[in-house]
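Construct all of the structure, not just a fragment, from the sequences and the given hints.
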Amino acid sequence: MPPKPSPSSSLTNPSRREFLARTGVGVAGLVLGPGVLLESCSPAGSATNHIQGGLRGADHAVGHLLRTPGRLPAPSQELSTDLLIVGGGVAGLAARRELARHGHEPLLLELEARTGGNAASGQNQVSAYPWGAHYLPVPDARNHDLLGFLRESGVVTGFDGTSGLPIYNEYHLCHDPEERLLLNGHWQQGLVPEVGVPAADRAQIARFFQLIGELKQARGTDGRDAFAIPLDHSSTDAQFRRLDQQSFAAYLDQEGFTSPYLRWYLDYSCRDDYGATAAQVSAWAGLHYFAARKGRAHNATAADVLAWPEGNGFLVEQLRQQGQGTILSRIVACQLQETPTGVEVLAYNAAAQRTVRIRARQVLLAVPQFVAQRLLAGVQGAVHPAQPLHHAPWLVANLTVTGLPQGPGQPLSWDNVGYGGASVGYVNANHQHLSLSADGPKVITVYWPLSDAPPDVARRQAYQTTYAEWLPRVLAELEHLHPGATPYVQRVEVWVWGHGMVAPIPGFLWGPERAALAQPLRQRIFFAHSDYSGMSIFEEAFYQGLRATREMLAAV
Amino acid sequence: MANAAAEAPAPASPGTPERARRGAARQEAQSVLLLGSVFVIATCGLIYELIAGTLASYLLGDSVTQFSTIIGAYLFSMGVGSWLSRYLGGPLLKWFIWLEILVGLVGGFSAPLLFVLFEYVASFRLILYALVGLTGILVGLEIPLLMRILENRFEFKDLVSKVFTVDYIGALLASLIFPLVLVPQLGLMRTSLLFGTLNVVVAAVALYRFPETRPYRRAFASLMGAALLALAVTFGYAGRIQRYTETLAFQDQVIYAKSTIYQRIVLTKNQRELRLFLNGNLQFSSQDEYRYHEALVHPAMQALPHARRVLVLGGGDGLAVRELLKYPQLQQIRLVDLDAGMTELFKQNQLLTSLNQRSFFNPKVQVINGDAYQWVRQDTTRYDCLIVDFPDPANYSIGKLYSAAFYQELHRLLAPGGKLVVQSTSPYVARQSFWCVAHTLQAAGFHTIPYHCYVPSFGEWGFVLAGENGHWRPNAGPLPRDLRYVTPVTIRQMLDFPPDMAEVPTDINQLNNQALVRYFEEDWGPYVH
Numbered sequence: 001m002p003p004k005p006s007p008s009s010s011l012t013n014p015s016r017r018e019f020l021a022r023t024g025v026g027v028a029g030l031v032l033g034p035g036v037l038l039e040s041c042s043p044a045g046s047a048t049n050h051i052q053g054g055l056r057g058a059d060h061a062v063g064h065l066l067r068t069p070g071r072l073p074a075p076s077q078e079l080s081t082d083l084l085i086v087g088g089g090v091a092g093l094a095a096r097r098e099l100a101r102h103g104h105e106p107l108l109l110e111l112e113a114r115t116g117g118n119a120a121s122g123q124n125q126v127s128a129y130p131w132g133a134h135y136l137p138v139p140d141a142r143n144h145d146l147l148g149f150l151r152e153s154g155v156v157t158g159f160d161g162t163s164g165l166p167i168y169n170e171y172h173l174c175h176d177p178e179e180r181l182l183l184n185g186h187w188q189q190g191l192v193p194e195v196g197v198p199a200a201d202r203a204q205i206a207r208f209f210q211l212i213g214e215l216k217q218a219r220g221t222d223g224r225d226a227f228a229i230p231l232d233h234s235s236t237d238a239q240f241r242r243l244d245q246q247s248f249a250a251y252l253d254q255e256g257f258t259s260p261y262l263r264w265y266l267d268y269s270c271r272d273d274y275g276a277t278a279a280q281v282s283a284w285a286g287l288h289y290f291a292a293r294k295g296r297a298h299n300a301t302a303a304d305v306l307a308w309p310e311g312n313g314f315l316v317e318q319l320r321q322q323g324q325g326t327i328l329s330r331i332v333a334c335q336l337q338e339t340p341t342g343v344e345v346l347a348y349n350a351a352a353q354r355t356v357r358i359r360a361r362q363v364l365l366a367v368p369q370f371v372a373q374r375l376l377a378g379v380q381g382a383v384h385p386a387q388p389l390h391h392a393p394w395l396v397a398n399l400t401v402t403g404l405p406q407g408p409g410q411p412l413s414w415d416n417v418g419y420g421g422a423s424v425g426y427v428n429a430n431h432q433h434l435s436l437s438a439d440g441p442k443v444i445t446v447y448w449p450l451s452d453a454p455p456d457v458a459r460r461q462a463y464q465t466t467y468a469e470w471l472p473r474v475l476a477e478l479e480h481l482h483p484g485a486t487p488y489v490q491r492v493e494v495w496v497w498g499h500g501m502v503a504p505i506p507g508f509l510w511g512p513e514r515a516a517l518a519q520p521l522r523q524r525i526f527f528a529h530s531d532y533s534g535m536s537i538f539e540e541a542f543y544q545g546l547r548a549t550r551e552m553l554a555a556v
Numbered sequence: 001m002a003n004a005a006a007e008a009p010a011p012a013s014p015g016t017p018e019r020a021r022r023g024a025a026r027q028e029a030q031s032v033l034l035l036g037s038v039f040v041i042a043t044c045g046l047i048y049e050l051i052a053g054t055l056a057s058y059l060l061g062d063s064v065t066q067f068s069t070i071i072g073a074y075l076f077s078m079g080v081g082s083w084l085s086r087y088l089g090g091p092l093l094k095w096f097i098w099l100e101i102l103v104g105l106v107g108g109f110s111a112p113l114l115f116v117l118f119e120y121v122a123s124f125r126l127i128l129y130a131l132v133g134l135t136g137i138l139v140g141l142e143i144p145l146l147m148r149i150l151e152n153r154f155e156f157k158d159l160v161s162k163v164f165t166v167d168y169i170g171a172l173l174a175s176l177i178f179p180l181v182l183v184p185q186l187g188l189m190r191t192s193l194l195f196g197t198l199n200v201v202v203a204a205v206a207l208y209r210f211p212e213t214r215p216y217r218r219a220f221a222s223l224m225g226a227a228l229l230a231l232a233v234t235f236g237y238a239g240r241i242q243r244y245t246e247t248l249a250f251q252d253q254v255i256y257a258k259s260t261i262y263q264r265i266v267l268t269k270n271q272r273e274l275r276l277f278l279n280g281n282l283q284f285s286s287q288d289e290y291r292y293h294e295a296l297v298h299p300a301m302q303a304l305p306h307a308r309r310v311l312v313l314g315g316g317d318g319l320a321v322r323e324l325l326k327y328p329q330l331q332q333i334r335l336v337d338l339d340a341g342m343t344e345l346f347k348q349n350q351l352l353t354s355l356n357q358r359s360f361f362n363p364k365v366q367v368i369n370g371d372a373y374q375w376v377r378q379d380t381t382r383y384d385c386l387i388v389d390f391p392d393p394a395n396y397s398i399g400k401l402y403s404a405a406f407y408q409e410l411h412r413l414l415a416p417g418g419k420l421v422v423q424s425t426s427p428y429v430a431r432q433s434f435w436c437v438a439h440t441l442q443a444a445g446f447h448t449i450p451y452h453c454y455v456p457s458f459g460e461w462g463f464v465l466a467g468e469n470g471h472w473r474p475n476a477g478p479l480p481r482d483l484r485y486v487t488p489v490t491i492r493q494m495l496d497f498p499p500d501m502a503e504v505p506t507d508i509n510q511l512n513n514q515a516l517v518r519y520f521e522e523d524w525g526p527y528v529h
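The listed protein sequences derive, respectively, from chains A and B. Following this note's numbering, the residues of the first sequence are numbered contiguously, the last one being 556. Following this note's numbering, the residues of the second sequence are numbered contiguously, the last one being 529.
One or more hints might be untrue.
As the list claims (entries may be wrong) - To be clear about the criterion: a stretch of chain B counts as covered by chain A if any three or more of its residues have a C-beta under 8 Å from a C-beta of chain A, and this derived list gives those stretches: (1) 353 to 365; (2) 505 to 516.
Claimed, not checked - Taking CB as the label site, the calculated pair distances span: (3) B:Tyr208 / A:Ala47: 28 to 36 Å; (4) A:Asp439 / B:His471: 52 to 60 Å; (5) B:Asp496 / A:His233: 54 to 62 Å; (6) A:Asp439 / B:Arg218: 42 to 50 Å.
Read the hints as simulated data drawn from the structure, not as lab findings. The beta carbon of each residue, even a glycine, is placed where N, CA and C say it ideally should be.
Here you go:
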């Protein structure tokens, strides 16, 4: 669910029926005649009994122990370590890797059975597939930390002798064709609406991308890029940071970007990257999504992305392998307190059903901010936000299909999006395979930010929704893109991410709170998570892990 | 002649003038309805005839003969039907409803049935003409029957004039919309099903507008419901049936057709030659395949007198292997082809084993069924020669097998001094594609020698020979004795590219740009419409 730009649905949010009436049947019917029309009307997916699957998700039961640390059994095991990392997501693993590079072997606690955070992945007979974050845009060539990691992972195979630009492993660059959009009954290449888009709208879209081109080049008086990744490297100039005070939607209105096609695309992009609509995120964040993409490579462009069948599961596995020190999984840290020599953490081992007391000199809390806040309940001087951070809930569904009936236009691509859809489309996990049999079974991952209601309401609703209720909704999304696809679906696994990703709502990125939350406490307690960037993308989580590690090392 | 249809609608009691007027108005409405039916059934009738004719010429070739005989048989059967109509007595309207349902089903399913049966029955012509005969008889019954139903409503001269006028207008409509609208928009299968549905609808309208049908309405209604449902469902699946029966691509008699999980294999035969099609694309004709396979294998092999090991990628027909076996110094020939269905066919079918000279049974030959890319990535053997004979890069999956990344993997497999040859589509038709393959090989670190030859059933065809260095001569070593096409002189000629096939600048085909698939679409696009 992290990064990859495109559009969404808040304009009208048409139901599937309306959508079909408006585009599928309307246009396709006119162009292709009654055959198509009747086919689209055939009862779609009436029989779903053949579909297997179930509801998966982060371990809420264990996770919710955090809320009632008083009910833990008395500690029956004690551990001590110099450095402790709580949380095995991208930030925690990046910190662990960086510590290993400096000769440290921290102890890492992970709530789930496997590390990876929201870059989790799965595997079945057909393919490995992502459960969350699934790609990394070709990074800015100046992001040396990240490139170092990619070099060590074999993603970068070397650097060009003359330009010095990284050479990417071709197997890891997203193969062509990368993206397509179902618009007006036709699959077009790319996600920016083009087919059948009126000239006035095209002009606005062109003007928007011209603006983005200028913002990519823009620099502040401090010599920094207006928009950079990591975002902390962006210019501090007021002219840019002012943009964080208003919503992206308000900014677009003000600048005369009113084309429904453009607005759909931008809304889709915000939902795709932030799990929130253009009306919910700040203008700075909305523009950053486009203007900070400055990747350069010897054999790729800024528009290219790196992708793997298992999504960013590939990257977190590399991070894990490049670190040192014990990883304890299925362990949830429940309580933290300071001692004269450092910190003491009470953690619950879900597998052994016992409480462990862990003493450490320093602890890195590589967990979402709201989890850190609970852990710090008894700690003096801990900073808490005035309002809870905006954490968007997501639904991710992995569908194993024996085939997919294709519509007219561009063939199956890596990323496949429907204009006006409720979800942000699906990614074909088999796309990066090198197999000859294109028509064989595949796994597709449907991404769905639940952005219609405020996050707490949407989260509660999502937790209460059963598999039997999710299944028809997921299939309706699929049928919207591929009428008649339901009989091809063998398996649907659904995962609800209650706190899928942080959204950069106005004022959060450049207000005082974000920096304050990430401040270490007394050189003992440190913080690393993409929450402290305000954007849930791999580069930011990686950066936060390194930043916190450097603070820890400096404190020694 | 007792005529139930004419008697029943007559006013039951002469009663008031009001009732009489209503009775007359209903009579009038029913007559219009029946004439409307004539129009619809006339259109349907001609459509079925056109479908049969078109299908016969698609499937059997020789459109003049097919159209002529189908039209003759159809008209004759209509005559038989007209003659048989005299034997229909009793309630004529009931007969008419029966007939329309039958015509709807027989005519409606005629195209799907013929498409599906074509590959599975030995005597397809018999089925075709039986179906044409049956449809003709049923259609031939329609008009006489309707005329009898209408006979008491009009004077004879009006009746004849009205019925035939409407009949011929319907025929005109059918003959215009069939080629202009129906075939291009719906295709034969959906057209036939659609008009079958119209026949059933005519039956339904008659059933509900004539009071005398009351006693048997319910029974007929469920029958019609079932017929309409069957037609509609088949209509919905028409696309899939069509894909399943792509027979119209073939001119000659299909002697073998089988779908494996990867592709559809079809063999056709005429007096002169055997042809193999994969997914409708010609792979070879027995008439001239030796040109292709000799050109594929010998320019590389004659330069490798010390070659021991060869890897063939693709080429599941065993014909390249047949050529390789002409070099006794080879110790091992390994062939990797995706489709076991293909290699098995070329081990078992006698026509085919005589063509490949049972090459797969040679003890030097090892056949592996697997994905070439996966195989190559994990293979650690070094080969003296690599023969790359994949299908043309017509889709993104195959395009990956022509990428610089793939050629780098091949580079790793090549023994020092070894050679690699890639079938590279037509440099005449697909000039950009051909040179894109050559440039991509260069980008992967190979020295390339492009060449081409003329294969009558393919046209001008191209290959790229590649190696770590440019050490290669057209007469480096001895050629096998029994070659029919390749000689040192032909090899030399193959190296010359006239201006219309000369090198053009192209992008390199990479996994993340798939430049070749895009060129291939551009190049071949104009030829496949």
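Margin query: For a quick check of understanding: which of the numbered hints are violated here, in increasing order?
Written below: As far as the earlier hints go, 1, 4 are violated by this structure, in ascending order.
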